[in-house]
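There are 4 protein chains.
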Amino acid sequence: MADYVYGPGRNHLFVPGPVNIPEQVIRAMNRQNEDYRSPAVPALTKTLLEDVKQIFKTTTGTPFLFPTTDRVFSLLWIDQQQRLNFNVDVVESDWGYGADLAALDYKLRQDPSHSIKAICIVHNETATGVTNDLSAVRKILDKHRHPALLLVDGVSSICALDFRMDEWGVDVALTGSQKALSLPTGLGIVCASPKALEASKTAKSVRVFFDWKDYLKFYKMGTYWPYTPSIQLLYGLRTALDLIFEEGLDNVIKRHNRLGTATRLAVEAWGLKNCTQKEEWFSDTVTAVVVPPYIDSAEIVKHAWKRYNLSLGLGLNKVAGKVFRIGHLGNLNELQLMGALSGVEMVLKDIGYPVKLGSGVAAAAAYLSNSTPLIPSRI
Amino acid sequence: MADYVYGPGRNHLFVPGPVNIPEQVIRAMNRQNEDYRSPAVPALTKTLLEDVKQIFKTTTGTPFLFPTTDRVFSLLWIDQQQRLNFNVDVVESDWGYGADLAALDYKLRQDPSHSIKAICIVHNETATGVTNDLSAVRKILDKHRHPALLLVDGVSSICALDFRMDEWGVDVALTGSQKALSLPTGLGIVCASPKALEASKTAKSVRVFFDWKDYLKFYKMGTYWPYTPSIQLLYGLRTALDLIFEEGLDNVIKRHNRLGTATRLAVEAWGLKNCTQKEEWFSDTVTAVVVPPYIDSAEIVKHAWKRYNLSLGLGLNKVAGKVFRIGHLGNLNELQLMGALSGVEMVLKDIGYPVKLGSGVAAAAAYLSNSTPLIPSRI
Amino acid sequence: MADYVYGPGRNHLFVPGPVNIPEQVIRAMNRQNEDYRSPAVPALTKTLLEDVKQIFKTTTGTPFLFPTTDRVFSLLWIDQQQRLNFNVDVVESDWGYGADLAALDYKLRQDPSHSIKAICIVHNETATGVTNDLSAVRKILDKHRHPALLLVDGVSSICALDFRMDEWGVDVALTGSQKALSLPTGLGIVCASPKALEASKTAKSVRVFFDWKDYLKFYKMGTYWPYTPSIQLLYGLRTALDLIFEEGLDNVIKRHNRLGTATRLAVEAWGLKNCTQKEEWFSDTVTAVVVPPYIDSAEIVKHAWKRYNLSLGLGLNKVAGKVFRIGHLGNLNELQLMGALSGVEMVLKDIGYPVKLGSGVAAAAAYLSNSTPLIPSRI
Amino acid sequence: MADYVYGPGRNHLFVPGPVNIPEQVIRAMNRQNEDYRSPAVPALTKTLLEDVKQIFKTTTGTPFLFPTTDRVFSLLWIDQQQRLNFNVDVVESDWGYGADLAALDYKLRQDPSHSIKAICIVHNETATGVTNDLSAVRKILDKHRHPALLLVDGVSSICALDFRMDEWGVDVALTGSQKALSLPTGLGIVCASPKALEASKTAKSVRVFFDWKDYLKFYKMGTYWPYTPSIQLLYGLRTALDLIFEEGLDNVIKRHNRLGTATRLAVEAWGLKNCTQKEEWFSDTVTAVVVPPYIDSAEIVKHAWKRYNLSLGLGLNKVAGKVFRIGHLGNLNELQLMGALSGVEMVLKDIGYPVKLGSGVAAAAAYLSNSTPLIPSRI
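Chains as they are written, first to last, in UniProt numbering: chain L, 1 to 379; chain C, 1 to 379; chain H, 1 to 379; chain E, 1 to 379.
There are no misleading hints in this set.
Which copy is meant is left open, because identical chains are indistinguishable; a pair holds if it fits in one copy or across any two.
In silico BS3-like cross-links for lysine-lysine, where the CA-CA straight-line distance does not exceed 30 Å:
1) Lys-273 <-> Lys-349
2) Lys-46 <-> Lys-302
3) Lys-302 <-> Lys-349
4) Lys-273 <-> Lys-356
5) Lys-306 <-> Lys-217
6) Lys-306 <-> Lys-254
7) Lys-322 <-> Lys-213
8) Lys-322 <-> Lys-217
9) Lys-201 <-> Lys-53
10) Lys-201 <-> Lys-139
11) Lys-204 <-> Lys-117
12) Lys-117 <-> Lys-53
13) Lys-302 <-> Lys-220
14) Lys-302 <-> Lys-213
15) Lys-143 <-> Lys-204
16) Lys-201 <-> Lys-220
17) Lys-57 <-> Lys-143
18) Lys-217 <-> Lys-302
The set of hints was computed from the structure by calculation and includes no laboratory data.
With the rest of the complex left out, here is chain L (with noise of 0.2 Å):
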């Protein structure tokens, strides 16, 4: 049953997230249920309650490891707090543009009473490719001494680029298990700095499912957990965790760094544009191809399925028909990219585009066997 869509061979996984998870974290998962209550439950939720601070680099902020998907995040964002009848004031940007750090700039200037409540951004925009300097928006607060929550929304960002909590002064930061962590679907990981956790309790929007002062309780008493938690995702987080320190955060980031490079010299070799309209703005864990207009990008993306295994993202809203994705995020190593680059080009070549075949997969290597390290543990 599971292979009424079978194909030999490995599916080449390669939108931005759900990502390839890595065989020790499967291996992991791979386990009975537990009774949560026991002894080693809480045992285990302590060391992840720990050491999950690490990759949104905090060391005072409080994590919270909800059972969830990404309807928490991103751009449903605004949607989701205007069901809440929050005052949203929304400040669009062109598809394929970074945030308007010139209108926050000039909004929290027209905000000496300090109304504004907090800043939602995202820092990696996954329908576009396009990535935001956070550190810029946390000058901005600071020049105009505004106190407004900075949250953020690191969905397809931590774990991949570079991203610093507490330097940066970021309040609430989350992200999904199933992306840069290289899960399975069902974490959401959300972190607070210790204003955001004082701010909550004073705040009257209307809570269930992910108040945070649920969890504190259970906190405290050290049972970590009001509701079941999977055990499967625990320990497979556990073991995701140990592999990102194993890798070393830093190299995580500049692995994905040069995957995401990579991607852009060879989407440049096939002489077609990157969605991200400004160089500051490239994402490392997505990019976002533009077609010509005599192509359908939902082809290429059908294509590539049904020829060749390989999965890659669809253009969403604005940009539909107009951009395919390639996710380049997770636990991915260079040769995985290449395969999948080669299969762009013959996807492009047998959809009608002018592709020099060879010739995206050799600007990628080009630069790859320039950059790619050693692997420390094989040395």
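Based on these hints, arrange chains C, H and E on the given structure of chain L.
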């Protein structure tokens, strides 16, 4: 690391959830992530949504598979609704007693204007092992021709106890993957009647994450998922349903009755009392056992785990220290239960209760050896 | 397909091999193939060869890990050696009796010229549950200052019974992965004393597949493998050894004694006889139970599987139909055994033997509740 | 522990065995032991023995599933037979050349008395990537009406190259689970013609472990297994066969031809030579690439593993240091190969060979984008 509480042999998991996962389901979940926007995942989801209706015994209901845990459920309903500023009229029963149907009858009679919008009831109370008679609730509603919605927490009943959504006119029912379905934690499965769907269109309550309309929009498009689902849980659910259908849902329910009866006979043979006060409320999924006042039931649970690798349920809230619970739900057979009952006997003796070793096991065996059918596939 | 004999819940595997695999080992084996010529596999193999000596209690022996099954072993030795045209002098014992040490004594005395090259003996006879006293064999050899090699089939003893290669002067000992080591079938583990290695250099017997010298050549080179090993079994063995060392080999042996004793007490309580004729030969890994003449023991085995998902061992050869066997070796704990004993009781009753239900379980429980230690990691 | 050579992302396994295991097979093997004497295992075995004949393209042959590794096979045949004191007439070919069919023709002509009992030939020589023409061998035997048995080592051919046991009159053919079947190491699969079975009855060679007659006895009884089989490998084989049949054996063979051709085109584009001396002997399962004299091919293999997590095959024996091997057999697809070819290019450049990056990949892509069919289940 994972084994810092290692003991030889299998863990005997007899808490009322999470429960034992069959090897077939563990196997089905042992897999990579997949792009949920490829044609494979909607095709799989379609079969799940169709088949999951069978476990609710509904043909007209609309099911939803939420990525979540048991927080959407149960005991916490009151708290949840109060946070959402609903006007909640709590009809309390003593612990060990079923729902007060006379009070329900009275309240409905006092409500000719139909200001009561919904009746919320738990089918099986996990904390005490009390099963409510839902068909009686339906009869009371019908008697008063009261249009209130009937909302049922079926977390520890559905797939284990006799539950009939259509026949009993249940409007919303819900369960969790980690209970009788015998999966890991992670899916909240909700089924809504046409009447409930209609009501949700005009309801004014704040809804974000669990809003049906987000799902219905994607159902219409045939892609099914507004957010990223857990691929692993979808395949796990597919296999869990296949196993239930292979055994036959009614046979699954009979098996739970057999194991519940055997457990109660053992408790009686030990000279202990069931927390449930009347036979009509006896639960076939969990038995809460009252211990003598000179024993702390938490010690029993602790000792069982420390010496025999047996996981029993603690008494919660009002009955903390006074009862321990034997969960006997999910993918479980007679000899697994016998091992656990034998373990409880040894723990009782170890802890100072004057149990006759073998007494409970003998009582259970006498019943089971007369009532356990041959495994159909092996005849 | 795999489930055409599906029954709910776990299979209760109580044959004397293959035995229950701990979840940790299943997990460790859940992996891809690897190039066995990369540096990783020799590094792993080195630890295995070093550590596997501990289960033989040898420091001077040389271990070999053969990719094979139990055909290299045991009962079939005689046949094997006859096919290889060896001059085999078979010293038979009646079924249920240990090796005839007086005959051995006599034969060695009659052999001043040392024409006997090797004594082959099984440590634990799996078919009947008879454990031979190897230290007594050694004493007889020493008494006669006879230089014959002492070759021991330890298939159902090593890792479960007290076995001391160096102390008892055993020259070749062997076991299989699917027995007390609790792995899948696939590895034959052989350990050779320096004297045995020396003898093999000048021996003239035909050897191909299992020739030590092929291995020794690769040991010297540090690559270890003359042929392709099963990567999965190597990692499985690593974990199996880790679990044994975590529990402590002597604790593993004590646990087997505990489970063997409990089983024998149950058999006695049922009013049945142990196939083993004297207490000194009682086996802690398998108990062969003699049934009354009016019962066919094969029916017991069949019924146990068909009704209770319990796998018992058939009587073989001379005792076919007359005994059934309870295997109680490998990674197994007290409550698993209690479930099985309870199952045997129910089967006995079902099949028409007048057993008192609960009698065997009570006898076993009385013993176990006094002798089972707390799980060290949970104290 | 298992990860002391950890590198991020997948290992790219391109040795000529063991090969990549499909996730479906890993999943099928993720299971407990079972009693192989229960009715379930013979029922499964029956389907395996029936279906495995298809991969040999025989209807009259009798298959055997030996628990073993590749030592029964191949290159080592000569040594093996010499150890068994057979009179072996070795017809050597230079490395890179196919079997000397003229010499065979000559020898058969010189043997009117039919003293030659068997012709042993390897279908595909794994060390050099040479495929022999078995239909030509059959024609020579027929021409001389010579009754010698035709024994074929099909280890790196069966399930990947065109092999026709019945049509070519092959009497014994064998392969191993870890080659094109894409399983872990552990099964030797042998198929014998009626003529071979007949001959084995009167043969006087020493046989113990691999004696067919032990198996045939159990085949007759319907229990199939003289020794304990690996339950895991049986279920794995079931799934491996299912996948092959789903793709279609002839499509599997075509896929191997596609990947072999693509590899050879890449080698040519790099300006390197194939170790195989004539096109008629080109192997679709392994390509041995000759490196220039100033390069040590072992360095290429080492570097590929250390930097790119790419496992290539070493040159063996006479061609050690002179060739490296790319295995392209088993459950593998186009983009996996492209990743590996791109990796080889980068390694060649790193190691100092003046390769044009992208050249091999471009040549392979040009061929593959014209010849790769859509995945049938996804059309």
